[in-house]
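The task is to assemble the complex, starting from two chains supplied on their own in separate frames and drawing on the hints.
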Amino acid sequence: MKLALTLAAVDPSIGGVLILGDRGTAKSTAVRALPTLLPTLKVVDGCRYGCDPDGNGSRCTECLARVVSGEKLHTRLAPVPVVDLPLGATEDRVAGALDIERALVRGEKAFEPGLLARAHRGFLYVDEINLLEDHLVDLLLDVATTGENVVEREGLSIKHPARFVLVGTGNPEEGELRPQLLDRFGLSVEARTPSDVAERVEVVRRRDAFDRAPEVFAERFKKDDAALRRRVTNARAQLANVESPDALLTRATELCLLLNVDGLRGELTMLRASRALAAYEGASTTTMLHLRRVAPLVLRHRLRRGPLDEVGSGVRVERAIQELFGAADVAS
Amino acid sequence: MLPADQDARLTALLLAIDPTALKGAIVRGRSPMLCEQWLQLVADLMPVGAPSKRIPSNISDERLLGGLDFAATLARGNSVCELGVLATSNGGMLVATAATTRATTFTHIARVVDEGSVRVERDGFSESHETAFATIVVECADDEAAPRALADRLAFVVELDATSRDAWNNSPTREIATAARARLAAIRHEDASLVALARGAARLGILSPRAVLLALSVARAHAALLSHPTVTEDDLTCAARLVLAPRAVTLPDAEPETNDEQGDSENQGPTDAPPETQDIQNNEATEPPRPERDADSPDANTDAPQSDQNTLAEIVVRAATAALPAGMLAAAAARASGTRGTVGRCGTEQQNGTRGRQIGIRRGEARGGARLDLVATLRASVPLQRVRREARTDGAQRVVELRRDDFRIRRCATPTTTTTLFVVDASGSAALNRLAEAKGAVELLLAEGYARRDKVALIAFRGTVAELVLPATHALARARRAVAGMPAGGGTPLATALDLAATVSQQLQRDASQVVMVVLTDGRANVGRDGRGGRARAEAEALESATRVRALRTDVVWIDTSSRSEVLSRSLADAAGARYLLLPAANARGMSQVALAARSA
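Protein chains in written order, with our numbering: chain V, 16 to 347; chain Z, 993 to 1593.
What the hints contain is simulated information worked out from the structure, not anything from laboratory work. Some clues are possibly wrong.
Stated by the list, open to error - So the derived list for chain Z, only partly shown, Cβ under 8 Å to chain V, looks like this:
1. T1096
2. R1191
3. L1199
4. S1200
5. L1205
6. E1435
Even glycine gets a Cβ: it sits at the ideal position worked out from N, Cα and C.
Excised from the complex, chain Z in its bound form (with noise of 0.2 Å):
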C-alpha cells in the first residue's frame, strides 16, 4: 500500500473526527470518480445524522446565505427567515467543486470558516447563525483551483491517484472514528508542540499563521484517534507531514532571504500587484535573523527548555520535508515566481452584465438590455400588497399592485475574454531588428495567452496600407504563421493603422471582449490616410486618429521603437490615452509583461 493511499484515509479519518476545527480539505485527483470515493468515505466516517450537502455551481446567494422564506411568510403572514446551505451545514460537510463554484461563493465560505457563523443583512433580516463545517473542493480538472484565500483556511490537500480505491477497502469505520471525537476534548498539547510547529512552518517558508494552528488542531485529532492522552512527537510528526508539507515552499536549508521573497510574491497576484510589498520584503530581508540563529537566541515567551523545542522543531521540519514528493518544491516556486502572473483568468468574468448565467439580482428597471425577473419582482411586491391596497384611494381592485420600486433585474456575470490587439509598424523606419522583437513580444503573449484562453489580434501597416493580418484568434499555430510571415519595408501609414485599431477593437468590445491594444512604432507618419505622402499631414491626422482610439476606453500600450524618446511619438502615445515605452527599456518579455498588466488592470 502506498503512503498515499494512507495519508487520504488517514485525512478522511481526522477530517471526519473534528470536522469543525479542521475545517476541511482540497481534494485533487484525477477522476471524479475517485473524488467521489473519498468524499463518500469522509461522510461515512462523519457524525451519524450530520449533513452532507453540495453546493450547486450557480447557486444565489439567497440560497447560500439564507433570506425570507417566501412561501412560509406568506402562510404565516409574518417573515419567516429561511436558514442557507451554509448554516444548515452545521456540523457537517460541504462539498463545492472548485470549476464551476462562483469565486463570491468561495469568498462566502471562507468569511463562515473564519466566524463560525454567517451575518443575514438580507431581505430585511439582520440575524447571524452559528454555523461550523468542513469544506471540501473538489479540483478534478488540472484547470481550475480552490481560491488561495480559501484554500489557506482548510487543513488538508489530498491527492488522489488510480492505486487509491483498492487501499480503501479495508476502511477505517465510523465507531473508531466516533470514539476518537469523544476523546479529543480531553486532549492537551504542550505549548513546545505549538512553538515546535510554528519554528517548522517558518522554516519551510509559510507565512499564514493559520498552516500553525490548523496543524496543532490535526495534531491533536491525531492524538485522539491513537488515544493519547497529549499530543505526541507522532502527532506533531503526521501534522507536520498532512498540513505543513502541501503549503512548504522552501526547504529548510534555503536561505531566509529566498523565503521572504517566495512567499510574497505568492501574494503578488496579478502581474499589475503593487510591487511595494517585494520591495519593502526585500529591504528587510536582510534584517531578520536566519531561522537557525534565532531558534538560539533567547525567547521570552517560551518556559520550555531551548533544546528541547529545536529538536521538536527539527523533527516537525524533517518529517514536512520527507512528505515533500520530488518536484513539488519547483512547482511551488514556479507558482510563486510571479512570472506567470495569475493562475489562469479565464474564469474572470464581467460583473453586472447582461448577458451571461445569473448571478443575482438587484433592485433596478429593466433598460439598456437589463432583464426582468419577474419572480424576483413579484416577491418583493408581496410584502406590501396590504400597505399599497389600503393606501389606495380610488378603490380600484388590482390582483397584485406593483410598482416600480418592487422592480428587480437579473445580474449576470459573462465570462470575459481578453484580445490583445497588436498594431505593429512594419514600415521601413521601423528597424527591421524591432520587427523582430514585435514578433517575439507577440509569440510569447500568445504562448500565455493559451493558457489563458485569451485572443491575439495583429494588424500590420506598410507602405500605404494598414491590415488586420491576424483576426482575433485562439489558434495558436496559424497565429505564429501569420507573425512569422509578416513583410516589412516602405513608409508609415499610422492614421490608417490606427483607425482599422479603433475599428477592430469596438468591432470586439461589442462581442464583450476586454481589448488591450499594443502599439509598436516609432511614430514617424509619413502616409495620410488618401496613401499620399507627406509628413506635416500624416502626422496631424495620425494625432487626430490615436484621439479616437482614447475614445474606446481601452488600454493601450504604447511602444516606441526609435532608439531614443521621440517628442512626437510621446505626443501620439498621449493623445491616444496610452501608456508609453521605449522599447530599449523592454525586450520581448518585458513587453509581454507590460502588456499582461494592462489587462489585469
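Okay, chain V solo, but in the shape it has when bound (with noise of 0.2 Å):
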C-alpha cells in the first residue's frame, strides 16, 4: 500500500491507486498521510485552479486571459492538493457551479469552482469509492480521460484543467466496482491487517498515542516525514533520467499475454510503475527486479475472471511471475 502509494506520488502519471481491504486496515489512514510526504508545488499566484506556471500542458482561461494581456504571472508555493471527494457530495460541488451567494445577493453569475478544480495537480481521494453514485462515476471517468473538466451553465462555459491522481479506497464486500473505473486505476492493492502481534500491538499503541496527543505524535514522526519527502522529491527530479532497456518492456508484454490481460494499459502502467520505483530507489536504470516488484500492483485488477476459479487473481499473476522469471530470487 506504501509502496503503490508512493510510486503514485513518484509519478502522477501511472494513474490512481485503488486499495481494497478489510475493516480496520488502516486504508484511509495511509492515504490522509500523502499530503505531509508530498513536496511543495510551483503554482500560478491567485490562480483558482492551481495552474502550472511553466504551462506544462494546458492552462484554465483565467491564466491565458492573463497571459495574453500581458500580465506577468507570479509564483507561489503550494501544497499538493490531497482533495477529499465525500460520498454525500453533490455534483455542484464536485465539477463546480455558480457561486449561490453572489447570484443571490449581487445577482451575479460567478463560477465556483469544485472539488476537481482544487484536486488538479494534486490526489483526488475518494473513500469507499465503490458505493459512489453512478451519476458521479460517470463525471470522474470523464475527467480522468480528458484530463479537463467542463461545465456549462447559466450561460456560464468554463472548462479548466483537472488532472489528478485517483486514489480510492473500498471494502470490497459493501460493493462492487465498476468494470471502467477500475481499469482507469493503476496500481490496485489489497490492505490486510498485520498478523504478527507485536506488529498489531504497535499498530494500536501508536493509534493511542495519536489520539491522546496529536501534536506530541507528529513532532515524533516528523524526521522520518521528511526524509521521506525529501526522497520524493529527488525521485521525481531523477525520474526523466532512468532508463528502462527494451527487454524489460518484453517481459512486461510477455507477462500480459500470459495473463491474458485485455488491453496495452498494463504494460504501459508496469513500465511508468517501475521507472517510478528505480527512481525512488536512486537507481540509474530499471531492471527486473523492480518489475517484478510492480508487477502484482499493476496486474491484479486487470485479470479477467473465470467462473470457478479456485486462486484469486493475485496468486494468478505470482504465478505468471514466477513463471516467467524463474524461481523466486528476490527478496523485496
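Written out as C-alpha cells, the structure is:
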C-alpha cells in the first residue's frame, strides 16, 4: 500500500491507486498521510485552479487571459492538494457551479470551482469508492479521461484543466466496482491487518498515542516524514533520467500475454511504475527486479475472472511471474 | 439477576460516560419494547441537554449531512447552511434501526465516526463540522443486521432478553454517570494494559485494531466509574468481556491457521469476492508464529516485563472466553466460513431506478421514466432568479425563471429480486444421473434463495417441447414438487428451450428482477424449432437462439453435462455469452455456488 502510494507520488502519470481491504486496515489513514510526504508545488499566484506556472500542459482560461493581456504570472509555493471527495457530495460541488451566494446577493454570475478544480495536479481521494453514486462516477471517468473539466451552466462555459491522481479505497464486501472505473486505476493493493502480534500492538499503541496528543505524535515522526519527502522529491527529479531497457518492456508484454490482460494499459503502467520505483530507489536503470515488484500491483485488478476460479488473481499473477522470472530469488 | 442484565445496564452506563470514545452500540432484542427501554435508559444517563436523535428510515442525504437552508436563505438573502442530523447530534446519541435504514446512511455515519467531523460538499457549501456521538443501531428482528463496517466501529453489542426488564428497576442514576464522566480525563493507563488487550484480541482471532482501541476506552470508562485512578485488571476484564468477547472468532487455543482463515473469509462477502486474500493468507499461515511463542519472543517496543504482560493478556483472554455463551463461537465460525455467502442480500437495491422509494435527487431530465422532483427543481432555480431576470432582454415578466439546468429528477432505489432460471435438459442424451444432480442443485438454490427471498424458475425440455415447468416462485414446497416430478427421455430441442428461456428472462427483467440463467445441457441439439429431427439444422438453430440469449445481457451459466468437454457445447456457451462449466467439475453444491456467484457479480 505504501509502495503503491509512493510510486503514484513519484510519477502521477501511473494513474490512480485503488486500495481494497477489510475493515480497520488503515486504508484511509494511509491516504490521509499523503500531504505530509509530498513536496510543495509551484502554482500561479491567484489562480483558482492551481495552474502550473511553466504552463506544462494546459492552462486555465483565466491564466491564459492574463498571459494574453501581457500580465506576468507570479509563482507561489503550495502544498500538493489531496482533496477528499465525500460520498454525499453533490454534483455542483464536485464539478463546480454558479456561486449561489453571489447570484443571490449581487445577482452576479460567477463560477465557483469545485473539488475537481481543487484536486488539479494533486490527488483526489474517494473513500468507499465502490459506493459512489453512478452519476458522479461518470463525471469522474469523463474528467479522468480528458484531463479537463467542462461546465456548461447558466450561459457560463467554463473549461479548466483537472488532472489528478485518483485514489480510491473500498471494502469489496460492500459493493463491486464498475469495470470502467477499475480500469482507470494504475495500481491496486490489498490492505490487510498485520498478522504479527507485536506489529499489531504497535499499531494500536501509535493510534492511541495519536488520539491523546496529536501534536506530540506528529513531532515524533517529523524527521521520518521529512526524509521520505526528500526521497520523493529526488525521485521525481531523477525520473526522466531513468532508463528502461527494451528487454524489460518485452518481459512486461510477455507477462500481460500470459495473463490474458486486455488492452495495453497494463504494459504501459508496469513500465512507468518500475521506472518510478527505480527512481525512488536511486537506480539509474530499471531492472527486472523493479518490474517484478510492481507487476502484482499493476496486474491484479486487470485479470478477467473465470466462473469457478479457485485461485485469486493475486496468486495467478504471482504464478505467472514465477514462470517468467524463474524461481523467486528476489527479496523485496 | 442474570449477568446479561447487569451487562445491559453496565453498557448503558459506560456508553453514557464516554459516548464519543465508545462510539455506540448494536442493540439486539426480540422485542422492540425492550430495545426502547434500553435506549431510554441510555438517554437518561447522558449529560443533561445532550441531543438524542433518531434517524428516519428514508432520511435524505441533505437532512443527514446538511445543505442549503432554503427558508433562511430566502429570508436573509444570503446562502445559509443548515446542519444535518449528524452535525446536530454532537455530544449526544443517534439511533438507527438496522432493518430500515439505508446502507449509504450507515456509510455516512461510519465516516463521521472515523473522522469526528462531517464534511459538507453540497449545494455550493464546502464546510466541515466537528461532531461526535454515540450511534446506537437497533436490530430487533433476526433478519437484518447492521453493516459490519459500522458494527466494527461501535464498542458494544448488547443482547437484551425478556428477563432484563425487571432488572432495570434499580437503574443507575444520572449523577453516577456525571461523576464518572468528570473523572474520566484524569484516568491513566499503562502501556501494559494496551499490550494485554492487543494480545488478547489476537488470540481470539479478532483482526480489527479498532476492537483493541475500543476495549481500551471501555476499560478507561470503567475505571472512571469505579473511581480507579489508573486502568486496573478489573477494568480490563470488563473490557474483554464487553468488547472482545462478542467479536471473538476463535477459541484462544485454536491453531493460528484457523485464525487466519476465519478472520479472512469474513471479508469474503459475496461468493464472488476475490479469493486471493485467502490464498495468500494460507500461504502465510505457516509463517506467523503461534501466539504463545510470539509472546515469549523479545519485543523491542515494550518496556514492561514480559511475564507481567503475558499474565495480563491471559487474564484478558480468560475473561473474554468466560463471557462467550455456548454456541456463539460456532455461530461466528458459521458466519465466517463463507459457504453462505453474504448474510442475506434481500436488501440489495437497484440504484438510480425510476421506481421504488426515493433515495435522492440528481440533475437531469424527466425522460425514460424518470420523475421530475418539482420542489427540488424550484429550489434549484431560486438562487438564480435575480441573475436570470437581469439577463432577460425581452422585458418579459415571469413568475419563475426556470431553465433546463434546474430540472431535478428523483433517484429511486428499487429493491431487486433475483430470479434464478434453470433451463434443464431432460432429454435421453443427458444422462439420467446428471438430471438428478441438476435437481439437487435446484433444491439447494431453492433453500438458499428462500433465506434471501430470491425466486427460482425452471424450464425443462425434452422430446419436441420446452416447458416452463415452474414459473418464478418463492414457494419452496411447490418448487420442490415440480423439480422432483420432472420426467426425462426423448430428443433435445435446444433451440426451442433457449427461445423460451429468453422470453421468460425478458418478462422477469421487465418486473425489475435480476435474472441468472443456468443452462444444464450436453449441447447435443437434435430437434429443431419445428419439432422435427435433424442434427445439423437443430445445431444451427440452437446457436442462433444462444445469440439471442446473449442479447439479453443477463448472467448465464452454462453447465455442460456431458462427461467430456464438447466443442459444440462450448461454442454454444460462448454464443450465449455464458460462463462455461463442465459438470464433472461441479456437483450439486458446486453448481449452486456458481449460480450464486453469478448473481452477486
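Against the structure, the hints come out as follows:
{"no.": "1", "hint": "T1096", "in the structure": "holds, 6 Å"}
{"no.": "2", "hint": "R1191", "in the structure": "holds, 6 Å"}
{"no.": "3", "hint": "L1199", "in the structure": "holds, 4 Å"}
{"no.": "4", "hint": "S1200", "in the structure": "holds, 3 Å"}
{"no.": "5", "hint": "L1205", "in the structure": "holds, 6 Å"}
{"no.": "6", "hint": "E1435", "in the structure": "violated, 20 Å"}
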